[in-house]
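A.B. asks: Following the hints, put chain B in place on chain A, whose structure we already have.
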Amino acid sequence: MGVTVLGLACVGQVGPNGGPVDPGNTGPGPGPGNPPGTSPGMMALVPGRAPLRRLTRVEYDNTVRALLGDTSRPALQFEGDVISDGFTNNADTQNVGTNLAQQYVTAAEALSITATRDMPKLLGCDLAAAETACMRDFITRFGQRAWRRPLVAAEIDRLVTVFTTGKTDFDVATGTQMVLQTILLSPNFLYRVELGRAPAGQQATTVPLTSWEMASRLSYFLMGSMPDDVLFAAADKDALATPAEVAEQARRLLSATGAGLPQEMAQSRYAQFFTEWLHLVNIDKMTKDRTLFPEFSTDLALALKTETETFVKKTLFGGPGDLTTLLTAPYTYATPEVARLYGVTVTPGATPARIDLDPNRRAGLLTQPALLATFSKADYPDPVHRGKFIWEGLLCGTVPPPPMNANITPPKITPGTTARQRFEEHRADPTCATCHTVMDPIGLALENYDGLGRWRDTEGPLPIDASGNLTGTDVDGKFVGGVELAKKLAGSQQVAACAVRQLFRFAFGRFETPEDEPTVTDLASRFEGDKRKLVGLSVAITQTPAFRLLKVGP
Amino acid sequence: MKVMDRRTVLRGAGGIAVALPFLSAMTVPRRARAAGVAKRLVTWFGSNGTIQNAWQPTGTETAFVLSEILSPLEAHHDKLTILRGLNNEISYKSPGGNPHDLGMGTMITGAQLRVGPSGLGRAGHIIDGTVAGGSVDQDIAKRLSGKTKFSHLTLGVQSTSTILEPMVLRMSYRGPNDPVTPEDDPGKAFAALFSSTMTSQADLIKLRKRRMTVLDAVLEDYTRLESRVPAEDKSKLDRHATSIRELEKQLDMLDAGKNCHGAMPVAPTVTLTPRDCLQDGRPAKCVGDFPTIGKAQMDIIVLALACDLTRVASLQWSTAESTVVHQWAGVTREHHLMSHDVGSAPDLIKVNKWYAQQLAYLLDKLQSITDEEGITLLDGSVVFCPNELSVGETHNRKDLCFMLAGKGNGALRAGRSLRFNGTPHNQLLAALVNMFGFSIPGFGDAMFPGVLPGLG
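Here the protein sequences line up with chains A and B, keeping their order.
Add 6 to the 1-based position in the first sequence for the numbering used here, that's all there is to it.
Add 10 to the 1-based position in the second sequence for the numbering used here, that's all there is to it.
Chain B with its partners taken away, still in its complex shape:
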């Protein structure tokens, strides 16, 4: 039984905390080290492009100097891989109309957009379309499935907007028509991850028995109905059923999250109630929410990784075409509107620098925790930082300003500033998958095959 195996393994790991160096020498799979197989992926999204000359480092590949925007990451200089000169080519081959749709939908899928039955709406946005393939984080999650209770943890900070259309709201897809909506509420995210770790083993077994009976019966209904409806509806029901099966798998992992490698699961104190924050009549407190929620979400990601509840996490700050007003960064206008305006460069630098400070916080925390093999979470991870645009002002998606952090457990030779010459970004996505011990020939649309060389 999977349950027993899992428990045995974790008991072993939990019981030898003092003997860690010994165990680590014994159990670090040699092939993992030698092959440099990355353990975890964290995807980090910020919107609206950047100011390139304030982002790009100067100097050489290994002796580079961080620019104004990235300067908060100086402490992690040797953990960074700066990627310049990649192009999101597929976004120029894809149907669609709005640059944010095109950038966001293709950003980590490398796949074309599909315009839905309703066509294009406001400002060329796709009203109900999707992308033709899954995203790199979900691809890796699928490949690592079964190793952890949750195949992925997808969090957001005010990522569900009122006005914007679906394509700009999500970057992550399990497959076509199957977007993963980020959880914006730190309280809910924490509860989903840790409620079972705070329940007794006996109660967990009962819960599992009860839910399994119900969900098995429910799944029969899905299967039965799927055989009676048209293909389009069948696929919709099948995606729902897949989610239910995922819940069933989670129920099997009775012991998950019990060993947190020194991290302490503490429920976030911040709650997501924009209403309350507005109702008290003090806007200053309200605008503070975005950074506070962001910090809580970063803490949860670190916890989930430390407790090995998942190995694939993402944080989506706002949405593509973000309209957040980053008042706490000393800016008074909407991010998206500023991005179109060359005169707003100083303010945009402030915004982008603020995000670099947040990333530094995450990297600090990842660096502070050592896993059972004796390496830090950061050294074992790949942190992938894309953006749906390169230059905000023109909304183009060439010469992207992408970055990686972490060492991918040896799969990623960090501390370098790399320059490519218009290589399709699909190749980076393929390279990310391969850092996890696979050898795929390309990722996303077949129009842009290949694997980005030189990262390992």
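Next comes chain A alone, as it looks inside the complex:
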């Protein structure tokens, strides 16, 4: 199924470089590029760019927790990661200026002081008995976990020198702290260095990742943290060299029945992906007009995010596991204060409880308060931005900025009118109409949800008309309300392909480029063939050349 651009000058599908495609060119399209089951070998699946990735704040905190057992979350004090279309891990936006460099120093010093409080536990050998041997042994073992690969002799020697200098200038504890600081400030810790295996010959255009590098690729993609012991053991045996070995490890981490820390982290990583995709990252900065929403607090905003996270985890792990359910489920997981927004009472508890919702009013992620409140103003719903997000974020459509002299102030709220009437202007003015005839009929169908995502039948005294229309998609047509919208989108191959594109961005820490299109298309067809199972999609991503190989040469 191809994309229909319908001659709308304003809208298009995401082009190969993320920009709008040329009008008249239907672009890569959302549908399957190849029938399911086509061998990837038959297509030109090549690895794309692999820019050096720095640990994000979440990844840094997860990593020092796994490495040192330190739960102080020092990265909360770091300069914020740049947010690119929702995602916090776009490698092309990562830069370390003086502020962040200093914050890394401060964090490394604090972590090292905490870690050396119990020296025997940290070192695992008796420093007093055989000082240099013990320190060398510690550096070898700890360095390998921190840098996620074995250290070469020269690296060990240099770290021993740091210890000796520190011990001479100060004392043994300080010397040990300085070793830890050097390890934690090294690019080998802060960045995910990937150099690949030696090329097979002069003509080689790609090289496989080493098993150590693959261990980190898997662990940061799937857990947002350093490799666990099992991955390290596999890397040590060079047992992450084949697609089957990689898939096995991915499935282990994503196992719904596994109850270990790695599995918990994998579930959190999916939750993170969805909250970033849905632009909920900084929901704690949301503000609402308290005269209209006296119940609103930052804690409530965070609870809304937790609701979405819990829903994603429970649905993907131990639940049906597919995108369709995420977009249509008439249930959610809510704490008492969140349940109250749905008009449901639950017994108080720290963890969100499953509640069944009115299937005529609620269907999956799109009708959850977190998303609806995010795409609302402080007082009222924001149908334009709700529609725009669904068009851009779920359908991977593009919208250019409004003309420079367009009045983009939302119409004033005047008593006796509905939002639908107020936003008519968009469609009456031809310069606005091309885009707004696409976005507004999506957002206006969600007018039954107020600025905090609660159900309402009326806007002031007037009944709400929630009729909507989809154009420029593979599920075009009229519908009424959020539930019908969600069901239409759940049936869209374009939405499924967009989900693949979004997970690709999150997995690779960059946006796709033209050379990635065959990979994205292939993944989309596998996703369709696998009943849109998200866990399966992640495993499929680990099998692509993009995930397993590095480009070499010019």
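Hints are computed from structural coordinates only; laboratory data are not their basis.
Check the hints yourself; a few may be wrong.
Among the chain B residues that face chain A by a calculated CB cut under 10 Å, a handful are [stated by the list, open to error]:
id : residue
1  : Q66
2  : G134
3  : S161
4  : P176
5  : P189
6  : R220
7  : D243
8  : K246
9  : I254
10 : S449
11 : G460
The C-beta atom is built at its ideal place from N, Cα and C for all residues, glycine as well.
C.D. replies: Just chain B now, with coordinates in the frame of chain A:
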């Protein structure tokens, strides 16, 4: 040793506080006065353009009358240089799509934007691009490097936004792909500047020794890795290593910030915790944060300059395309949305006037402190006030409403309202550099060379 030299100089300066006029006569470098070499640069950013007819002064070059928006600056009338008629031409030659991206990225760099690998996203915003060159504040910081502990102090007020893309978040760049992110937290900014001034000399020497050992070893790792990765990654690592080297230089300045010329370093009481401010359930207190943080940041800038911890500072109020609701200025709608709406002019005037009041506060404070050469911080400084747009309503970037304050230690003949006729603003950026005693032929993109005449 740099350390000893520095200490000797500062001891000298600290010990002669009473004999200041004498010392000042003796040590004011004649060439500095004669050549009119500016000492400090403060860049002051406010967003979304302005209402031109409420901003532009009336009257003549020297006998001008400040308009409604600038009226709070009346006390500093003779310290102002109003600049009308400059165009941000390079923003019209640059790739990109969104006017705020284009305005902000070029505003103090004069350089073209580069669209990153991800192309354009929401509303034509560049998703992960950069600019082709460094900004004027960082250029001057680099040229003055080594004179002060910190080469620059880049502060913001709610300048890290959740929704907006990278180009609108920063104005300052050390070079391509090397944006400088403003520090939004007055507490952190103060601690970074003054923690070492509150530490004993013996402890500072220890700290320096310890950190130098670690950072030297770390830098070896950067160098080693840089030689093994592709060019793009190498440049990323190199920017990180440059930042580490900057930290090392700071460690050398053991005595920095000990003489504050009468200013008293006091830690700000305001803390940056929007969560707390919301949690207490009183929105009135919360909306007060923006002005309170702004004031704290201005105080820190003045302190840093007074203590000669840096000579290049900037304050970025919010971001380009600012969505702040300036409730404390009597306005109830988002700044950016109002800027598109011609009917919002009265409210936009209120907002812009509020910023002029803040600037007046900064200028007052700069005027209140006299440096070791006997001139006020304001008279020795150039305060540069750009905006990413000229007219908010059309989002265009021609006939800019830019302004300078201060006398640049004689490099800037202030108290004037100047009118240009579409001169590219790159020439102003070049002129700013040259006020610091340099003679560059142009700044930013080579398409718009030249130096703005008539400022000195």
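A.B. asks: If a hint holds in the structure, say so; if it does not, say that too.
C.D. replies: Hint check:
1. Q66: 20 Å, violated
2. G134: 4 Å, holds
3. S161: Nearest chain A Cβ about 8 Å off; hint holds.
4. P176: At about 5 Å, which falls below the 10 Å cut-off, the nearest Cβ of chain A leaves the hint on P176(B) intact, so it holds.
5. P189: 6 Å, holds
6. R220: 6 Å, holds
7. D243: Check passed: Cβ of D243(B) comes within 4 Å of chain A, closer than 10 Å.
8. K246: 6 Å, holds
9. I254: 5 Å, holds
10. S449: 28 Å, violated
11. G460: G460(B) check fails; min Cβ-Cβ to chain A is 28 Å, beyond 10 Å.
Hint compliance for this structure: hints 1, 10, 11 are broken, all remaining hints hold.
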